[in-house]
Amino acid sequence: MPRVAIELAERSQWSALVDLLAEQKHAARECDDFGMLALHWACTDSTVSVAAIDALLDAYEAATMRINKGGLLPLHIAVKAKVDDAILLRLITAYPDALIVNTPTDETPVDLAEKVQSPAYIWLLEHENAYRIASGLLPRRQAVVAETTRRRATSATLRFSTFRARHHCRACGVSVCSAHSNKRIPLPYLGITVPQRVCTTCFDAASHRPSQVPPTPNRARSHTTMSMLKPPPRRSNTPSLMEDESNSINDFAMPLLPSKAIPRYKRFHSRATT
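Start counting the sequence shown at 1; every next residue gets the next number (the UniProt record's numbering).
FYI, nobody ran anything at the bench for these hints, they're computed from the structure.
Note that the structure is a prediction, hence the values are computed from the model and not measured.
Even glycine gets a Cβ: it sits at the ideal position worked out from N, Cα and C.
Be aware that a few hints might be false.
DEER-style ranges, computed between Cβ atoms [claimed, not checked]: (1) S12 / G70: 13 to 23 Å; (2) D54 / E10: 13 to 23 Å; (3) A86 / V194: 19 to 29 Å; (4) P195 / R140: 23 to 33 Å.
Heads up, simulated BS3-like pairs for lysine-lysine below, C-alpha to C-alpha not over 30 Å straight-line [said to hold, decoys possible]: (5) K115 / K82; (6) K69 / K82; (7) K69 / K80; (8) K69 / K25; (9) K25 / K80; (10) K82 / K25; (11) K80 / K115; (12) K115 / K69.
Between the sequences and the hints, there should be enough to build the whole structure, so can you do that?
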């Protein structure tokens with residue numbers, strides 16, 4: 001039997017694919033010898049249309065959880081192909097757990113985005129940390145995030161002068177220029193209630209941590225789901241940093257996710273085992 005949906009996706013015929021799925025939704029479940037569904041093939045093309053992805057997800061949303069024979073989810077493939085952010089958002093909304101699923105080379109979607117220098121890197125990093133915090137997991141270490149800021153400010157570091165002053169983040173101590181240290185927040189873990197100058201990385205980290213108490217797992221799923229359905233909320237101008245978690249980060253272990261997709265008919269509330 002011909003795999004029409006897969007063939008159309010391989011040839012990037014998006015309009016024809018949308019028309020096909022409107023009449024034959026089951027075509028989205030077709031799988032080739034490489035374990036690739038039409039969604040996988042569509043995600044390999046950076047020019048894929050949002051309409052085509054919407055049609056594929058409407059026909060078979062569980063495809064976002066299907067791993068091909070190369071061990072990749074559609075989100076992994078989409079990140080490597082540098083598809084549009086709107087498409088990444090749809091894939092994450094359908095399967096948020098994909099944010100922390102590793103490839104066979106032990107890389108998350110964020111790692112892949114950094115590797116291919118995707119413009120969605122920071123956006124994905126924020127989503128992954130929001131997912132981790134909302135799920136009661138530890139976010140990526142601040143040092144990892146801070147490295148991005150250091151790289152951004154490298155050229156500025158080489159040009160510090162009378163007209164381009166050097167500043168120090170009061171939270172992590174990194175040297176940055178004015179453009180990367182124009183935010184101020186209190187540092188309660190240092191006993192400082194007066195807002196202090198911090199780098200953009202520490203400010204962003206604090207913005208994702210509205211309280212000293214991490215959310216419970218029950219709150220986590222609903223918070224994550226809603227955050228994926230709308231743009232990130234406006235950040236507060238006076239957030240607070242959590243206490244340094246560097247002492248406990250070594251005790252954290254990445255949860256082992258199933259190697260095969262498990263369709264979930266009630267998102268985040270129940271899972272049907274295969």
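Tested hints:
| no. | hint | result |
| --- | --- | --- |
| 1 | S12 / G70: 13 to 23 Å | holds (20 Å) |
| 2 | D54 / E10: 13 to 23 Å | holds (19 Å) |
| 3 | A86 / V194: 19 to 29 Å | violated (41 Å) |
| 4 | P195 / R140: 23 to 33 Å | holds (25 Å) |
| 5 | K115 / K82 | holds (11 Å) |
| 6 | K69 / K82 | holds (21 Å) |
| 7 | K69 / K80 | holds (17 Å) |
| 8 | K69 / K25 | holds (23 Å) |
| 9 | K25 / K80 | holds (27 Å) |
| 10 | K82 / K25 | holds (27 Å) |
| 11 | K80 / K115 | holds (9 Å) |
| 12 | K115 / K69 | holds (22 Å) |
Hint violations for this structure: number 3 only, all remaining hints satisfied.
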